[in-house]
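Peer 1: Sequence:
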Amino acid sequence: MSDLQFYPTPAALAKKMASKFTRPITRLLDPSAGTGDLLDAVEQVKRVRRSSDCVELDPERRAVLKDKGLNIVGADFLDMEPVACYSSIIMNPPFAEGARHVLHAFNFLFCGELIALVNATTLTNPYTAERKLLCKLIEDHGGDVEYVEAAFQTDETERKTTVDCAIIHLVKKNTEQFDFIRLMDKTEAKDALGSERVEQARDLMLPGDELKNRVIDFTQAVEFMKVHRKAEMMAVRFKRRLGKAINDTTEDTQTDSESDLIESMHKDYQALKDAAWSGVMRSLRVTNRLTSGAQKKLESQFEDIRRIDFTLTNIEGFLLGLVEQQGDMQIQMLLDCFDIFSKYHLKCERGLPPT
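With UniProt numbering, the residue at position 208 of the sequence shown is 208, and numbering never jumps.
Quick caveat, the hints were computed from the structure, so don't treat them as lab data. Hints are not guaranteed to be accurate.
What the hints assert, rightly or not - Derived SDA-like pairs: lysine to any residue, alpha-carbon spacing no greater than 20 angstroms straight-line: (1) 46 / 279; (2) 16 / 37; (3) 212 / 20; (4) 173 / 214; (5) 226 / 244; (6) 46 / 111; (7) 136 / 124; (8) 66 / 300; (9) 20 / 160; (10) 267 / 251; (11) 267 / 82; (12) 20 / 66; (13) 160 / 24; (14) 46 / 19; (15) 296 / 281; (16) 132 / 160; (17) 226 / 236; (18) 296 / 311; (19) 226 / 132; (20) 15 / 150; (21) 226 / 276; (22) 244 / 234; (23) 230 / 212; (24) 16 / 164; (25) 267 / 279; (26) 160 / 46.
Said to hold, decoys possible - Pairwise CB distance ranges (calculated): (27) 148 / 210: 46 to 52 angstroms; (28) 142 / 64: 34 to 40 angstroms; (29) 251 / 274: 29 to 35 angstroms; (30) 68 / 240: 40 to 46 angstroms; (31) 132 / 68: 36 to 42 angstroms.
Backbone N, C-alpha and C define an ideal beta-carbon position, used for all residues, glycine too.
Can you build the whole structure from these sequences, using the hints too?
Peer 2: Laid out in structure tokens, this is it:
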């Protein structure tokens, strides 16, 4: 895959995509962020920035995102579990895997909008199962598609291609039923680190399936948090339909808006993620390997690590960083270890031998 099929979105096209949002943007995600061109466009068109998260695999482009002050929550979007709650998603995924990325991204929406740029043939020639699923998703949700010819041949285009594109606009409504018992169907994370070094990293934690159990506990906590928050919102709505009691003189300050619900779920999600990462960082297998000074340096970088998605792959990447830094704990370790892991993963994606 050549440079992971990175084609920066031209400014005019990015603004066209951003202008398609019709609902309030509470939490925004770009899962194929590149250097942040789409998020820049949303900021210019919709004046939204502080609530933006992004995902990017390439370390050099991720450095650009960091310089822009953007919140980076992961490296490989397809490895991330759809546990976060977003009101809005904008994306320009790799053309070769556009359908797969859009289908995965749709699961990250609680309710809201998804704007995606894909190769036009993804929709006009749906010869794969994923393309057929995407076409059905658009049909089922009354999605809108705008075809754009020569989208990457304008003067401002950084990297030109003759591919025609399609802008997909999907709206997901809050029609979920409450499933209190939900079976988990997970795909195993890719073993991109190499088995020997993964075992070294796992040895820093607890034996057996402890890492997997922590991820399962986190995922279940998030799922039941969502059930709780949605039940709260519905309780407020039905209570208001009953009206106020004659002897009730209190002011009604409860909210049942979907934007407030998404914001509260995001705060709860971040609190659960903070607790999950703290559990890893404070594991005896980790702390016993570090001096008290190194532990303090580790905890001082918590603000950086807490932003990363809590997945098995990312935990192993974090522990790999500790393995490679043992004996020489640098204050930049937590910033670097995520890049070390991503560079390794990037080489595997490109078919290069790991180092």
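Peer 1: Please go over all the hints and tell whether each is borne out by the structure.
Peer 2: Results for each hint:
no. : hint                          : verdict
1   : 46 / 279                      : violated, 38 angstroms
2   : 16 / 37                       : holds, 12 angstroms
3   : 212 / 20                      : violated, 39 angstroms
4   : 173 / 214                     : violated, 31 angstroms
5   : 226 / 244                     : violated, 27 angstroms
6   : 46 / 111                      : holds, 18 angstroms
7   : 136 / 124                     : holds, 13 angstroms
8   : 66 / 300                      : holds, 18 angstroms
9   : 20 / 160                      : violated, 24 angstroms
10  : 267 / 251                     : violated, 25 angstroms
11  : 267 / 82                      : holds, 16 angstroms
12  : 20 / 66                       : violated, 26 angstroms
13  : 160 / 24                      : violated, 33 angstroms
14  : 46 / 19                       : holds, 8 angstroms
15  : 296 / 281                     : holds, 11 angstroms
16  : 132 / 160                     : violated, 28 angstroms
17  : 226 / 236                     : holds, 16 angstroms
18  : 296 / 311                     : violated, 24 angstroms
19  : 226 / 132                     : violated, 30 angstroms
20  : 15 / 150                      : holds, 16 angstroms
21  : 226 / 276                     : holds, 17 angstroms
22  : 244 / 234                     : holds, 16 angstroms
23  : 230 / 212                     : violated, 27 angstroms
24  : 16 / 164                      : holds, 15 angstroms
25  : 267 / 279                     : holds, 19 angstroms
26  : 160 / 46                      : violated, 27 angstroms
27  : 148 / 210: 46 to 52 angstroms : holds, 49 angstroms
28  : 142 / 64: 34 to 40 angstroms  : holds, 36 angstroms
29  : 251 / 274: 29 to 35 angstroms : holds, 32 angstroms
30  : 68 / 240: 40 to 46 angstroms  : holds, 42 angstroms
31  : 132 / 68: 36 to 42 angstroms  : holds, 37 angstroms
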